[in-house]
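Student: Residue strings, one per chain:
Number of protein chains: 2
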Amino acid sequence: MANEGAEIKEETEHMLEKNGIKEQGSVMSTGDTKEMRVVLLTGFGGLNKLRVTKKAMPEPQEGEVKIRVKACGLNFLDLMVRQGNIDNPPKTPLVPGFECAGIVEALGDNTKGFEIEDRVMAFVNYSAWAEVVCTPVNYVYKIPDDMTFPEAAAFSMNFVAAYMMLFEVANLREGMSVLVHSAGGGVGQAVAQLCSTVPNVTVFGTASPFKHEAIKESVTHLFDRNLDYVQEVKKISPEGVDIVLDCLCGDNTGKGLGLLKPLGTYILYGSSNMVTGETKSFFSFAKSWWQVEKVNPIKLYEENKVMAGFSLLNLLFKQGRGSVVKTVVHKLLSLYEQKKIKPLVDSLWALEEVKEAMQRIHDRGNIGKLILDVEKSPTPLMANDSTETSEAGEEEEEQEGDSDNKERTPFIP
Amino acid sequence: MANEGAEIKEETEHMLEKNGIKEQGSVMSTGDTKEMRVVLLTGFGGLNKLRVTKKAMPEPQEGEVKIRVKACGLNFLDLMVRQGNIDNPPKTPLVPGFECAGIVEALGDNTKGFEIEDRVMAFVNYSAWAEVVCTPVNYVYKIPDDMTFPEAAAFSMNFVAAYMMLFEVANLREGMSVLVHSAGGGVGQAVAQLCSTVPNVTVFGTASPFKHEAIKESVTHLFDRNLDYVQEVKKISPEGVDIVLDCLCGDNTGKGLGLLKPLGTYILYGSSNMVTGETKSFFSFAKSWWQVEKVNPIKLYEENKVMAGFSLLNLLFKQGRGSVVKTVVHKLLSLYEQKKIKPLVDSLWALEEVKEAMQRIHDRGNIGKLILDVEKSPTPLMANDSTETSEAGEEEEEQEGDSDNKERTPFIP
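Residue numbers (my numbering), protein chains in the order written: chain G, 1147 to 1559; chain L, 1147 to 1559.
Chain G extracted, bound-state conformation:
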């Protein structure tokens, strides 16, 4: 990746007007350095740590593709990054974001397989929330002509994670049953769609009641996320389920393992329960480590059960499994072209609206994926502040400046 961190400008100097019009277009540190808009995380903490600012535009290194970004995916994981609630968090300031879609603008040396103007989606090891990203060619995939950029940005992380968990870690086959939390979220909807590609699969999902009407067609049995899902599943299937996908962590590991049928697989792929409010995480990653129940392998032996963990980011960026992921992306694009799966986009947000978007995913208001639309202008501000109220009632460490607390109505496509 191009070295960007050192070139970040003093944010106040380049802070953009929230309406996105009065850009300080020509301020450059050196004569020929081009600039781009980015979302910058200035330190771990609340929404007030996010700013839209300008940064020197990266140029592709050897083996990298430079992409003019059109749309970026926003994931629950980005909240955890903002709060510093991840293992070995990188240094701030940083540009968040792990996935984007756009158009190839340039290629580094020895970068084969793409042409300028190719429509692509890509994984990025941070720095996706920018007008331009550079990322290794192995993380870039051409997208079908009929796939929109928001769809593509909604596709990569959620569908790859869902596919690999269901078919590579577990072994989803005809007649099996799957429990997925946050069934209305990006991964949840990807899981539901992929399950529908296998005959006779039963999907149990939890979601906030207001989403049930919208997603009921995609899930066999839908429960209120505030109910005891263990009891709800057992009412319908006393034997339990074959696959449990857990993005909550904490005591849900024990519950999930308890719900498995013999030969069933529990997969931990997130720890959203560790996010309790909007400020810097009270539960650091280290604390969440101690909160979760450890499991004795002899228990798994006695019960014929499988316990797994899945982190797509670690797989890609720490463990160098880009080629495995590429194979999966190609299978998924084939399913897309057969119209068997289709990313569900919840809403599009301008870069300047990233706080509202984050608030929406934090409050679990989304059905499907939240997308940052790089070319979108912010929606005009509404009357007064009503965002920023965290679930746990925590307060922001600092007050936001001027218009930051005003509400915008999101664009729902």
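Some clues are possibly wrong.
Because identical chains share one entry, a pair is satisfied inside a single copy or across any pair of copies.
[Said to hold, decoys possible] EDC-like mimics (lysine to aspartate or glutamate), calculated; alpha carbons at most 16 Å apart, straight line: (1) K1407 x E1314; (2) K1445 x D1233; (3) K1464 x E1448; (4) K1464 x E1385; (5) K1288 x E1251; (6) K1288 x D1264.
Just so you know, these hints were derived from the structure itself, not from any lab.
Following the hints, complete the assembly by docking chain L onto the known chain G.
Tutor: Using the frame of chain G, we list chain L on its own:
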């Protein structure tokens, strides 16, 4: 299963001469109760707890098949049963043994799919080491004409366990690598053969050096079981392996998980390290539970790893998964008929030689499976005792009677 426990005769009354000739053929408790020879475990402990005696012959209940047994499998698990080193051990006296092959002699009511004289192999929930067993029809499978009874008795547990671990729990595919301990044992050889049915699979195996010459063709890389296998594997494959099959337990869970590549699967399927000598287990099942390292699911998440346990007996007899196992048996029999797999029989032993056979598996002297051949006469006794020396140097609680400590030469087919 027919109720047999209550009808066990006082063992001394019917104790057979070890040479198997002077049977007290006609001693019966009631006029028309038929009798059969069985191996009886009189209490948990050393080899001296095993006796050959007579018992009332069971008759098939509804849904059961009565089998005239020709050959029985002897597994490491039978040692653990003898020592009482299993979860919820049943009451003694009991007849050990979980698998056999023979000829259908009678059918209970509503027992379909078999005819008298069918050649079959079967799982039995204890009581396999007898001249006759009755077991539910779901645990009985017809065997091919060219499969011998010893082969069939060597087939069921080891190949089903190996197959389910490789293909149902893990997801063995082309190009993967597998580590298996006791590569010369029954499961080890089944694993090696099944791996050879998938292109380009690398098998790492550990075994005692004296077995290497005999099994080197079946395993890609063979290590002395006394060496540090973690180091040996890493010398050849610094990245580790895709699948670790662990029958040792204890600190091998941590070692096994550490050896996994991302997306790799560790499976615990036994705890032979808990067997330290020939007497009643010093390590009770409860103690082994505490000895093994518990695993944090967040560690699996960080490392993209899978930890599983597999117990075929629990799957069959506690968890009612006979139909899943039946499907697997049919796939395996198809592989057998295609001559892609073939059970490896180490040696055949008369019922009266069960102690010597158990000593051999305890001392890891076997290459392939040990079989109790019900119709075999014991090999004439040799000069003096040299068995019964346990690895850990523990002594028998009691001295064996008369000829029990004399050595026999096994029949190697």
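Student: Each hint needs a verdict: does it hold in this structure or not?
Tutor: Hint check:
1. For a Cα distance limit of 16 Å, the shortest separation of K1407 from E1314 across copies, 14 Å, qualifies, whereas the shortest one inside one copy, 19 Å, does not.
2. Taking the shortest alpha-carbon separations for K1445 and D1233, only the inter-copy value of 11 Å comes in at or below 16 Å, while the best intra-copy value is 28 Å.
3. In the homo-oligomer, the alpha carbons of K1464 and E1448 lie at most 16 Å apart only across protomers (10 Å), although the nearest pairing inside one protomer, at 33 Å, exceeds that limit.
4. For the identical chains of this complex, K1464 and E1385 are inter-copy neighbours only, at 13 Å across copies versus 38 Å inside a copy, given an alpha-carbon limit of 16 Å.
5. With identical chains, the CA atoms of K1288 and E1251 are at most 16 Å apart within one copy only, with a shortest distance of 13 Å there and 65 Å across copies.
6. Taking identical chains as interchangeable, the C-alpha atoms of K1288 and D1264 lie at most 16 Å apart only when both belong to the same chain, with a minimum of 7 Å there against 59 Å between chains.
Violated hints for the displayed structure: none, as all numbered hints are satisfied.
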